[in-house]
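Chains as they are written, first to last, in my numbering: chain A, 493 to 896; chain B, 493 to 896.
Possibly wrong hints are sitting among the right ones.
[To be verified] Heads up, simulated SDA-like pairs for lysine to any residue below, C-alpha to C-alpha not over 20 Å straight-line:
id	chain 1	residue 1	chain 2	residue 2
1	A	Lys549	B	Asn600
2	A	Lys619	A	Glu584
3	B	Lys553	A	Leu508
4	B	Lys549	A	Lys619
[As the list claims (entries may be wrong)] Footprint (simulated), chain B over chain A, 3 or more residues, beta carbon under 8 Å:
id	stretch
5	517-528
6	571-579
7	587-594
8	721-730
Hints are computed from structural coordinates only; laboratory data are not their basis.
Computed from a predicted structure; not experimentally measured.
Even glycine gets a Cβ: it sits at the ideal position worked out from N, Cα and C.
There are 2 protein chains.
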Amino acid sequence: MAIQVMKFGGTSVANLIRIKNIAKIIESEVKINKNKLVVVVSAMSGVTNRLIEDYKKVRQKITDPEYDVILSTGEQHSAAIISTLLNERKIESRSILGWQIPINTDSNYSKARILEINSDLIKTLLKKYKVLVVAGFQGISKDDRITTLGRGGSDTSAVAIAYSLGLKSCQIYTDVDGIFTSDPRIVKNATKINSITYEEILELASLGSKVLHPRSVELAMKYGIKIHVRSSFKRKTGTMVVKEENKIEKEVVTGITSSENESKITLKGIPDKPGIAAKIFGTLAKININVDMIVQNITDDGKFASLTFTVPIEDEKRAVKELKMSKIKFKNIDSKNSLCKISIVGVGMKSNVGVAKKMFETLALKNINIQVISTSEIKISVLIDLKKKKIALNALHNAYGLQI
Amino acid sequence: MAIQVMKFGGTSVANLIRIKNIAKIIESEVKINKNKLVVVVSAMSGVTNRLIEDYKKVRQKITDPEYDVILSTGEQHSAAIISTLLNERKIESRSILGWQIPINTDSNYSKARILEINSDLIKTLLKKYKVLVVAGFQGISKDDRITTLGRGGSDTSAVAIAYSLGLKSCQIYTDVDGIFTSDPRIVKNATKINSITYEEILELASLGSKVLHPRSVELAMKYGIKIHVRSSFKRKTGTMVVKEENKIEKEVVTGITSSENESKITLKGIPDKPGIAAKIFGTLAKININVDMIVQNITDDGKFASLTFTVPIEDEKRAVKELKMSKIKFKNIDSKNSLCKISIVGVGMKSNVGVAKKMFETLALKNINIQVISTSEIKISVLIDLKKKKIALNALHNAYGLQI
């Protein structure tokens, strides 16, 4: 008897037709492949948002544990409905909730982190049932109260349960065929990536590609759990998320992604003294604003510097206001949005020269002006005019040969 | 510090306006009367029906424990919303679910019975919180699975919790002012009853007056818990449900009620032998049909009897079919609906003669034909033509002086 962990997201359980579809996938795993299954499910799509709305009509503060009590009903409902359908089809099944397993978490209500999963009950119940349907996204605090894991938490539930059962892999079913080299709605030639490393997908995810929740990937990376991201509509191999050493083809660039959530703020005429950057970013950190790309220049006379950085678009006004009100000295401040951050990601970059050069050349050929550049070991990001997004993505996609 | 148990039904928590209304009641109990509260809530009105629908789209059999997992989300949601609102208004509160208390029940999923409530956690939490909002209608089986108590189960939760806390009473808030001498929509002179015995309300409830769930009354009767049925819209005394010895005014007739759910079946020409009634009713019991009123007559020659009884209207056809197919001998069978059962209820009947006589006389004066009569210690029921319902109810209401 092999145990498999499969996770189905909100769109896979959106309505009865879709639930019947995943029941077929489950049925074939049970009857043909003779596997015992732990199926982790999200709430039906739209339900969590509706529950958040219900809560927010009454209170804004989401650290009240009642928020978690309300939100957890979404997965409780979907897990029980799916289990009911399986039972109706004579596949012995039962739902199991976060507190029943238990999935022990810390007490950070609304965004709790899993501390430990006791898999004894799962193992015991799998002797009696063919399928356990786990309500994802939820756990229990040491005070015996329901916790929820924050957005995308069901992915994390699935990976953590796979680990607790000593498994080497887990399947995440979604409404796309896998992870793509770029957004297929913008880049027509975008193709499915067969295998991708944890590091790459983390860069892609934080840059706006939302297939897997970053925390689930971090957890999988930490414990070496292979994640198979695949479609719940087609029975085809999707994308394997693996360790770098398990990735055979180390492409220079694995994927290209874009994000429109950036505002650029430039401070000019800052006295060029040590500690000034710390003051500026400290001021923003205090009001909870996350700074992303940063570029500093020193002017010709060596006395003044200019500093450019990006913040989330919704924080732009707050950031400018706070800096103006602060005691930090500068000659002027200006901000700009309607920008787009384009990033190329690939573990192959580490051992390949000329990757950045090709990016800049490709954009120059299309007459696209680069406003800010930032790099990491496996990523190069540039900030460009939003209007040029589509041209840039397609040109880069071709330049790095991702259309194959 | 006094502890009070208050239960709010579905219509009292139907929407945010109503929830804010009950928050005011709670607030005044906490701030003015300095009470600590255990508030038991139902699901918002309509929610349980919607959840049953969700389930029944997938499966009809409701003994699958998943049914309870789904239905219990309704009270989980309303308890958490109410607790959130109280917290927002600085009334320290938390929700508490069946499994958290725990409310231990048997494993009759969808209609579990409470076995035991451990009130230690409630007592401990009441030191920290001013209000605990209990999700009614739910418990936990010995297998650590969620159970639900069946329709009206939240009333039962409230009474059982009051008992477990050693309290002598509990308040049930509803959308009416209390229990009435008759249905005010039909009998204009109907008045609120100030006090009523458990026995009387059980007769009234099972006869179609649905203010309190019979099981909650049985429980309250067993443990001597006084129930105060009152309006969540008006701050006025409602109806006290008490032991017979605590009821000072023992009216001959406390209330008059009607039910339209009866079909009359008559079997003629049955051989008058011992055991024949047992055969007839055994046949119906086997297919789960509840027989209510029964009258047997023997014909003049003493050899044949006729038997008349009532069954729920929805079972009429099944009952007739089953009897025709059985081996029971009779000359003919006929059935009739468009009937109405009128019942007068009152503990005072026991020590008063002439109660029945007045009923029959009153109906005769109005030219209303009585088709079947049945009586218990504190109740007389008659079956009449449905068309005469309003006339009968009003005439009897006046005859017994209930309009005061």
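Verification of the hints:
A hinted pair counts as satisfied when its Cα atoms are at most 20 Å apart, and Lys549(A) with Asn600(B) does not qualify at roughly 37 Å. With a C-alpha separation of about 11 Å, the suggested pairing of Lys619(A) with Glu584(A) holds against the 20 Å cut-off. For the hint linking Lys553(B) to Leu508(A), the alpha-carbon distance of about 18 Å falls within 20 Å, and the restraint holds. Annotation: proposed proximity of Lys549(B) to Lys619(A) is violated, straight-line Cα distance about 29 Å (limit 20 Å).
Closer than 8 Å: that is the beta-carbon criterion, and the stretch 517-528 of chain A has 0 residues meeting it against chain B, so the requirement of 3 is violated. Remark: the stretch 571-579 of chain A is confirmed as covered by chain B, as 7 of its residues place a Cβ nearer than 8 Å to a Cβ of that chain, reaching the required three. With 4 residues bearing a CB less than 8 Å from a CB of chain B, the stretch 587-594 of chain A meets the requirement of three and the coverage assertion stands. For a cut-off of 8 Å, the count of residues in the stretch 721-730 of chain A with a CB near a CB of chain B stands at 0, and the three-residue condition is violated.
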